[in-house]
Amino acid sequence: MAAKRDVRLTVNGVAYEASVEPRMTLVDMLRGELGLTGTHVGCEHGVCGACTVLMDGRAVRSCIMLAVQADGAEFMTVEGLASEAGELHPIQQAFIEERGLQCGFCTPGFMMTIHELLQETPDPTEEEIKDALGGAICRCTGYESILKSVRSAAKKLQALG
Amino acid sequence: MKPVSFEYFAPTSVADAVSLLQEHGPEAKLLAGGQSLVPLLNMRLARPTAVIDVNRVEGLDYVREDGDALAIGAMTHQRTVERSELVQRVNPLLHAATRLIGHPQIRNRGTVGGSIAHADPAAEYPAVALALDAEMRIVGPNAERLVPAADFFVTYLTTALEPTEMLTEVRVPALPQGTGWSIQEMTRRHGDFALAGAAVTLTMDGGACSDARIVLFGVGATPLRVQQAEERLVGERVDATLMSEVGREIKTSIDEPLADIHATSEYRRNLAGVLTERALVEALERAA
Ligand SMILES: Cc1cc2nc3c(=O)[nH]c(=O)nc-3n(C[C@H](O)[C@H](O)[C@H](O)COP(=O)(O)OP(=O)(O)OC[C@H]3O[C@@H](n4cnc5c(N)ncnc54)[C@H](O)[C@@H]3O)c2cc1C
Ligand code: FES
Ligand code: FES
Numbered sequence: 668m669a670a671k672r673d674v675r676l677t678v679n680g681v682a683y684e685a686s687v688e689p690r691m692t693l694v695d696m697l698r699g700e701l702g703l704t705g706t707h708v709g710c711e712h713g714v715c716g717a718c719t720v721l722m723d724g725r726a727v728r729s730c731i732m733l734a735v736q737a738d739g740a741e742f743m744t745v746e747g748l749a750s751e752a753g754e755l756h757p758i759q760q761a762f763i764e765e766r767g768l769q770c771g772f773c774t775p776g777f778m779m780t781i782h783e784l785l786q787e788t789p790d791p792t793e794e795e796i797k798d799a800l801g802g803a804i805c806r807c808t809g810y811e812s813i814l815k816s817v818r819s820a821a822k823k824l825q826a827l828g
Numbered sequence: 069m070k071p072v073s074f075e076y077f078a079p080t081s082v083a084d085a086v087s088l089l090q091e092h093g094p095e096a097k098l099l100a101g102g103q104s105l106v107p108l109l110n111m112r113l114a115r116p117t118a119v120i121d122v123n124r125v126e127g128l129d130y131v132r133e134d135g136d137a138l139a140i141g142a143m144t145h146q147r148t149v150e151r152s153e154l155v156q157r158v159n160p161l162l163h164a165a166t167r168l169i170g171h172p173q174i175r176n177r178g179t180v181g182g183s184i185a186h187a188d189p190a191a192e193y194p195a196v197a198l199a200l201d202a203e204m205r206i207v208g209p210n211a212e213r214l215v216p217a218a219d220f221f222v223t224y225l226t227t228a229l230e231p232t233e234m235l236t237e238v239r240v241p242a243l244p245q246g247t248g249w250s251i252q253e254m255t256r257r258h259g260d261f262a263l264a265g266a267a268v269t270l271t272m273d274g275g276a277c278s279d280a281r282i283v284l285f286g287v288g289a290t291p292l293r294v295q296q297a298e299e300r301l302v303g304e305r306v307d308a309t310l311m312s313e314v315g316r317e318i319k320t321s322i323d324e325p326l327a328d329i330h331a332t333s334e335y336r337r338n339l340a341g342v343l344t345e346r347a348l349v350e351a352l353e354r355a356a
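Protein chains in written order, with this note's numbering: chain A, 668 to 828; chain B, 69 to 356.
Derived by calculation from the structure, the hints in this document are not laboratory data. Please note that a few of the clues may not be correct.
[Claimed, not checked] Here are some, though not all, of the chain B residues that point toward chain A, as calculated from beta-carbon distances under 8 Å:
{"#": "1", "residue": "K70"}
{"#": "2", "residue": "M111"}
{"#": "3", "residue": "M254"}
{"#": "4", "residue": "T255"}
{"#": "5", "residue": "E350"}
[Claimed, not checked] Rough simulated footprint, nothing fancy, chain A against chain B, three-plus residues with beta-carbon under 8 Å:
{"#": "6", "segment": "91–97"}
{"#": "7", "segment": "116–125"}
[As the list claims (entries may be wrong)] Here are the simulated SDA-like pairs of lysine to any residue, each with C-alpha atoms no more than 20 Å apart in a straight line:
{"#": "8", "chain 1": "A", "residue 1": "K671", "chain 2": "B", "residue 2": "E75"}
{"#": "9", "chain 1": "A", "residue 1": "K823", "chain 2": "A", "residue 2": "I804"}
{"#": "10", "chain 1": "A", "residue 1": "K797", "chain 2": "B", "residue 2": "R257"}
{"#": "11", "chain 1": "B", "residue 1": "K70", "chain 2": "A", "residue 2": "K823"}
{"#": "12", "chain 1": "A", "residue 1": "K671", "chain 2": "B", "residue 2": "A78"}
{"#": "13", "chain 1": "A", "residue 1": "K797", "chain 2": "B", "residue 2": "M254"}
{"#": "14", "chain 1": "A", "residue 1": "K671", "chain 2": "B", "residue 2": "A331"}
{"#": "15", "chain 1": "A", "residue 1": "K671", "chain 2": "B", "residue 2": "P79"}
{"#": "16", "chain 1": "B", "residue 1": "K70", "chain 2": "A", "residue 2": "L701"}
{"#": "17", "chain 1": "B", "residue 1": "K70", "chain 2": "A", "residue 2": "R698"}
{"#": "18", "chain 1": "A", "residue 1": "K797", "chain 2": "B", "residue 2": "H258"}
{"#": "19", "chain 1": "A", "residue 1": "K823", "chain 2": "A", "residue 2": "G809"}
{"#": "20", "chain 1": "A", "residue 1": "K671", "chain 2": "B", "residue 2": "K70"}
{"#": "21", "chain 1": "B", "residue 1": "K70", "chain 2": "B", "residue 2": "D84"}
{"#": "22", "chain 1": "B", "residue 1": "K70", "chain 2": "A", "residue 2": "E711"}
Backbone N, C-alpha and C define an ideal beta-carbon position, used for all residues, glycine too.
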């Protein structure tokens, strides 16, 4: 076993420290070491999008990044969407209203992907929405309700200014 | 944990990365965006004893104009290339190819150097590098060298890079003014690796074709330049009949591509011809 290494990172504004083997993936550290099980893990080779988190504002696959590479970076996961008081984020609210989820397995990854999209493109075109979501797989909804959720979330966020 | 156990290093300079490669021998692997390497680690198809993470190496993240070429640092994210106005202006073919790589979430991490060094035969960058006569700047323990794309891609996932060398820059000549271009591919789903694809440039001069490049990907062990087809175009007035003939000839002239669960050899060959014709049609429209 290779020597463990210390990793310092920020997740949802909270500073964390962990000591991990170099071969541990980021998603395994988030879930297993930090107890942040909101991020899901599906295919573990970058294809399904379930494990998507924001790293320094960019949507990335946490299953194909090593935990040690996270040192010094700032992350946002699905747990960071709702306010501390428990008020749901407009993206989450939109998913409820538009039935953007069924089993919920893919949902954290979709939400982080949508978060990046709407931060950069507050009023995305249909094409832009599909391009961003093309990298995430949902086995339940048939996607239509997720597309509706994005449009609804965009409106909600724009109304908030 | 899925990968085998390995030692991990995070050098901050090219010189340190190269000396780590020397120290740890052929079982060491450089880690760039990790979008190809980490899936291989997770599946234990790669079992390196040492992983040398070059994400903290300074000064390899840039896109700049250098004479008639674009110089792109190896650690530049594909997403940066996609968003670069300079790339869009100077080399729209490179820009279009970038948009075909995986998904935005993959391009956020994947690097230019990683894609070229990995040399997946179905990847877009190697094909475009060959179509545009790109050159790879390679740094080894004792020397630096520039290798043209034609000599760089050796076979399936194998390049001219020695185990102790690192790719540091890719130099892509600008697309000459007036040259038409196109990249066409077929994927099973948006963002997947191509089943087959074609990258084409076409220069017209006074109604006749003065230069043509046709590079296929996903149909051989490396990106495949089809000189025979290019020669059919040069000197000719390119019209629909000729473009469709060239497409048809490709279907029968190229070596049988590998078959896998996604597509038969015959289907890939057929696609190569169809996509070449489509690419020629689009390139001709764009040629001034
Ligand atoms: C879901 C998914 C879809 C994808 N779809 C596509 C697609 O459609 N088209 C496509 O082209 N790619 C696709 N990719 C692959 C992606 O483009 C990778 O980013 C790329 O192949 C490798 O780049 P990287 O920076 O991630 O390199 P890594 O994965 O870190 O490295 C890949 C290999 O190159 C070596 N290497 C990396 N950098 C250097 C260097 N500077 N010098 C020497 N050796 C180096 C590494 O040692 C390793 O062997 C996809 C990946 C995923 C996960
Ligand atoms: S679990 Fe990471 S992309 Fe599927
Ligand atoms: S809601 Fe079940 S996979 Fe998407």
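Structure-based check of each hint:
The interface hint given for K70 (chain B) is met, as the beta carbon of that residue sits about 7 Å from the closest beta carbon of chain A, less than 8 Å. Annotation: M111 (chain B) was flagged as interfacial toward chain A, and the flag holds, the nearest CB pair being 7 Å apart, inside 8 Å. With a least beta-carbon distance of about 16 Å to chain A, the hint placing M254 (chain B) at the interface is violated under the 8 Å criterion. Because the beta carbon of T255 (chain B) sits about 10 Å from the nearest beta carbon in chain A, more than 8 Å, this interface hint is broken.
Because the beta carbon of E350 (chain B) sits about 19 Å from the nearest beta carbon in chain A, more than 8 Å, this interface hint is broken. Coverage of the segment 91–97 of chain B by chain A is violated [criterion: at least 3 residues with CB-CB distance below 8 Å; count 0]. Coverage of a stretch by a chain is defined here by at least three residues with a beta carbon nearer than 8 Å to that chain's beta carbons; for the segment 116–125 of chain B and chain A the count is 3, and the condition holds. A hinted pair counts as satisfied when its Cα atoms are at most 20 Å apart, and K671 (chain A) with E75 (chain B) qualifies at roughly 10 Å.
Distance hint between K823 (chain A) and I804 (chain A) is unfulfilled; the C-alpha atoms sit about 24 Å from each other, more than 20 Å. A distance of roughly 12 Å separates the Cα atoms of K797 (chain A) and R257 (chain B); the hinted pair therefore holds under the 20 Å criterion. With a C-alpha separation of about 41 Å, the suggested pairing of K70 (chain B) with K823 (chain A) is violated against the 20 Å cut-off. Distance check on the hinted pair: K671 (chain A) and A78 (chain B) sit about 14 Å apart at the alpha-carbon level, within 20 Å; holds.
Simply put, K797 (chain A) and M254 (chain B) have alpha-carbon atoms about 18 Å apart, close enough for the 20 Å limit, and the pair holds. Among the hinted pairs, K671 (chain A) with A331 (chain B) is inconsistent with the structure: their alpha-carbon atoms are about 43 Å apart, more than 20 Å. Restraint check: the Cα-Cα separation between K671 (chain A) and P79 (chain B) comes to about 17 Å, which is no more than 20 Å; the hinted pair holds. Annotation: proposed proximity of K70 (chain B) to L701 (chain A) holds, straight-line Cα distance about 19 Å (limit 20 Å).
Between K70 (chain B) and R698 (chain A) the CA atoms are separated by roughly 15 Å; this keeps the pair inside 20 Å, and the hint holds. Restraint check: the Cα-Cα separation between K797 (chain A) and H258 (chain B) comes to about 10 Å, which is no more than 20 Å; the hinted pair holds. For the hint linking K823 (chain A) to G809 (chain A), the alpha-carbon distance of about 23 Å lies beyond 20 Å, and the restraint is violated. About 16 Å separates the Cα atoms of K671 (chain A) and K70 (chain B), which keeps this hinted pair within 20 Å; it holds.
At roughly 28 Å between alpha-carbon atoms, K70 (chain B) and D84 (chain B) are farther apart than 20 Å, so this suggested pair is violated. With a C-alpha separation of about 9 Å, the suggested pair K70 (chain B) and E711 (chain A) falls inside the 20 Å cut-off, and the hint holds.
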